Amino acid sequence: METVKRNKDDRVLYIRDLNISFQTAYGTVRAIRGVRLDLFKGETIAIVGESGSGKSVTVKTIMGILDSNGVIDSGQIIYRYKDENGEEQEVDLVKMSQKDIRYKLCGKHIAMVFQDPMTSLDPTMTIGKQIMEPMREHYNISYNEAKQKALDLLTEVGIDNPDKRFKQYPHELSGGMRQRVVIAIALACDPDILICDEPTTALDVTIQAKILELIKELQDKKGISVIYITHDLGVVAKVADYVAVMYAGRIVEKGKINEVFYDPRHPYTWGLLSSMPDTDTNSRRLYAIPGSPPNLMEKVPGDAFAARNKFALNIDYKEEPPMYDIGGQHRVASWLCDPRAPKVELPAELVEKLEKMKKEANINE
Amino acid sequence: MSEIRTPLLHVENLKQHFKISRKFTTKAVDGISFDIYEGETYGLVGESGSGKSTTGRSIIRLYEPTDGKIIFDGHDISGKLSKEDEKFLRTNMQMIFQDPMACLNPRKKVSQIIAEGLEIHHLCKSKQEIEERVADVLDKVGLSKEQGTRFPHQFSGGQRQRVGIARALVMNPKLVIADECISALDVSIQAQVVNLMKDIQEETGTTYLFIAHDLSMVKYISNRIGVMHLGHIVETGTTDEIFENPIHPYTRSLLSAIPHPNPVVEKARRAITYNKDEEGVDYEAGYEHVLSETHKVLATDEEFEKWTKK
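Protein chains in written order, with the numbering used here: chain P, 1 to 365; chain C, 1 to 310.
Be careful, since some hints might not be right.
Claimed, not checked - What follows is a list of derived Cβ distance ranges for each label pair: (1) P:ARG102 x C:ASP139: 43 to 53 Å; (2) C:GLU203 x P:ASP100: 55 to 65 Å; (3) P:ASP100 x C:ARG252: 46 to 56 Å.
Derived from the structure by calculation, the hints contain no laboratory data.
These numbers come from a predicted model, not from an experiment.
Don't be surprised by glycine CBs; every beta carbon is placed ideally from N, CA and C.
Chain C on its own, in the form it takes in the complex (with noise of 0.2 Å):
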């Protein structure tokens, strides 16, 4: 992969401030860059309260970013929209949200519910063509055509993320941003629904960016993964780099929470634990360091020699 590529969605220096009072104003993401290449899955992992959420959110403008700036498939989307910025954002770039009950409207139906987009962005000429699409994408996720008339609450949590897929998949987004999508579900739907959304790229070469803090299943999703530590991203690279050689201690603790259904080694393991103050690492007087191509860590000239030397 020596080719230069450009990056489907370029973040550079994304900021997310948000003001509690006057002498206090929270800083969720703080100065992070990153690049998602065209049909890649990225992993974006952390602790609650680490900013990836906000992360997504910034990106697909819920909120308005601070500071920084983001391009998406060659249109500056950071700032103010212009109309058509605006348009090409909303139907090329899409999200799965982590409660599927919470984000389907419960009084409309399924078929409804997938539909709504491509009726806002007058994306079909006729009602014939919506239902196609409607019913293709039902067939694509799993779901019959005789299901998209039943309401929200008539399907099992698993189906409910199905549905969420589908209302993403059906405007055939560039980008897809799944915030914790599997988090409230069982781990053998959680499965289910992984195994799909990696035939769907497959399939239709759609690229994900994949927001989580459960590392086992990034794992099985995700070509490269950033972790996130209180507004930054503390080290980035390949799935691999990140599993088989882990540099910064708050990423080495995080895999070693990861729980083994081994009960005798479960049993006797012990997380590392990872305090940002005792250990005294300062986020903000580092940068970053380059061990590969794509493996990047955050950290002061100290630290690097201090955590590569261990």
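So here's chain P without its partners, still in its complex pose (with noise of 0.2 Å):
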């Protein structure tokens, strides 16, 4: 099942401890509260969180393209790559100005693909046009030359008839073409993350299947890392390899995939997984998490999923919990993996969920 081997020198980038708050006209929201993350080559990492818990704002860091309210308090970000003569470069992106970071390395180094492509693309730009203006600009090839690669990669999308196609205008394509386009353009000048934010929400279920495929084939291709921000588990089960769970700020569960959807160990998961709408069984009714995320303004004491959380013990109200290591890859942020904490009982409907899931899969334990 190990699909990739993490080997401590194959790190791409990795982020610690990072805070990140947001000065605001009612007061400072702690919107980041000491993530810890590890991307490796080749690697699909998948962030999965409600709206509001702070995946957006973690990749938008990386990218340099924080709002301007925004002020990260500590942490690292250190990105590794390989500059244009081929040295390794080791850099902070927490130390770099967002300037820099949006010169030297976005584009380049670091790609991403919104989530809707209409308002991602210039209307008034052709498409070919968009694709070649990466290229142009950081590696100052003729235009001959930049086109010819930007008809290579609208082929390499699966868009046919490229010729026609770089002469249109994005309003000429459909929603899954034009997402095609952008991943066209962020891949014009090889990078080594792509990070895709919402990728497939704004299209719908048969196209979205068709963009997850390409971008995986691409990856396989060249060899990228992807990192994934989606509140979509069936997405997340198709493309990820490792999977972090983010609720209001902060990791509560992560691991490879495998050990975070056959063995769920955080009660947000566990509510995130029976929340997804099954199509065999015959129960009519969804589990939905009760309650709303809590307003980081104010300072949360304790577990911030306490509130909604029907296994909440004492102890969540007074203190954060500390990551427990489960063993693997597979870290939780739940007192309920304290070894002084009693034994719970999951939800019967996600016990039988996952039996079958697992019965699905051939996996035994």
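Hints are included, so try docking the two chains, each in its own frame, into the full complex.
Structural data, given as structure tokens:
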């Protein structure tokens, strides 16, 4: 089942104890609270969480496009890459200015695919010109050379008739086609890291599957690392090697995909898995996590999920749980994993669901 | 269910064409027929551009239908509307829209937004009565009365969608058209909203026309499903019929595209692709083949034979 062997030397990006807050008119919002994450070469990680859990803020920091009222309080984001001369470089993105990140790294080494392809494309420029733009900017190559490469890229992302498409404008293409163009732009400079911020939320299911397969295929071919941001566990199951579940600015559970999906330990992950609609079960009611995420404006005492958690212990309201090592790559921030904690029975429906999932996947314990 | 029920909404051969230029007309909806019975939920699914939203908007008369007949609770609401019919339509049919931020007036308080329909149609005798009904409906959708004094931007996405639902329900409508009303929400919030809609249906017996592209969610809420593609309903049936015995290749491709939250299975799975032209399927030539009382497929004879044999 081992997909990518994790070797310390293969790390392309690692985040340590990242804390970010936003200054708003109503006070300080602590959006990211101590995030720690590793990204290895050729690997896909997925960051899962509700809106407002801080997943987008994390990757925006990597891209150097954090909003102007955002402040990085502490932490490190170390990025390792090979520069033009083929030498290994190691930089701390937190210490670089946003402008520097944008000029030196964005587009060239780290590229991003946004949620809505219509808003991320320029409606006044032809597709071809937009794909050529990063190459002309970063590599200073001639028009003809760039055009040839753009046509190759269009073919690569599965757009037929590239010569015709090259001259078209974004509004002439369908949603799926537009997203393919955005991916082509992101790949124009052969980046090491591709960040996909909900790349398929604006698309419908049939096209979603195709786009995900395309990204996977390109990733295998070029050996890039991909960070997915999504709230759809179906998408995660399809693409990710490694999952990090975020809640209220913290990573509450992370691990290899099979560890998290077949043996979830955090109550929030239980809730997420239970609320996924299932096409085979006959139950007519869907589980929903009660309540809504906490307001990060106020300091949350203890575990941020406690108020929505029916398994909450007394200590959950007083102290924040540390990260527990469950074995393998699996880490969970929940007091329930403490050896002193009482044994908790998983909800019956979830147990049934997990059993069925394991059976379908032929995993025996 | 052998007795003959009269449908609450009867749609017959509905066409909605948009003239783009002198030479070109988009046939967004091209001759569809279906019935919705009282108290049930009819799910309309299809990819973007299949005409499902247009259908909803034509029925509630946000568009002028090009052709066809729409009968809503005994009133003909296609063609030119009389004053009474228009009032009947506007008070008894309501719509919930996709983007809850875009469809709520940012300059009005939530209680004002909800009360607007009541005021326009003079449904309440006094201010007090309006207040009571607004408070009732807020309670029904799980918001507190105090939250009615806030503005839409002070709510989260899920709460805003609840306001949208409250606005539709305050009129006590017979039919609610929910146009992709959960697509813009997070998965865990989607479950909350779907459950809420089901609870309300149980309590009040409202009928829903539920438009979505996500078949897995539609399964939880719908009694019957219609699958739309390029302006035609290609297959219709009860939820079980569609999920257990899909006939049309387009329905099959839609079903195969649903992601499963199961990593091992999901990684190995490939979605079935469907291309109308490659398969040589002609919607114009096809007619409705009846499999059972409720299950119907649009196909020509050869196509039908080919699909059922597999």
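We went through each hint and held it up to the structure:
no.: 1; hint: P:ARG102 x C:ASP139: 43 to 53 Å; result: holds, 50 Å
no.: 2; hint: C:GLU203 x P:ASP100: 55 to 65 Å; result: holds, 59 Å
no.: 3; hint: P:ASP100 x C:ARG252: 46 to 56 Å; result: holds, 52 Å
When the structure is compared with the earlier hints, no violation turns up for any of them.
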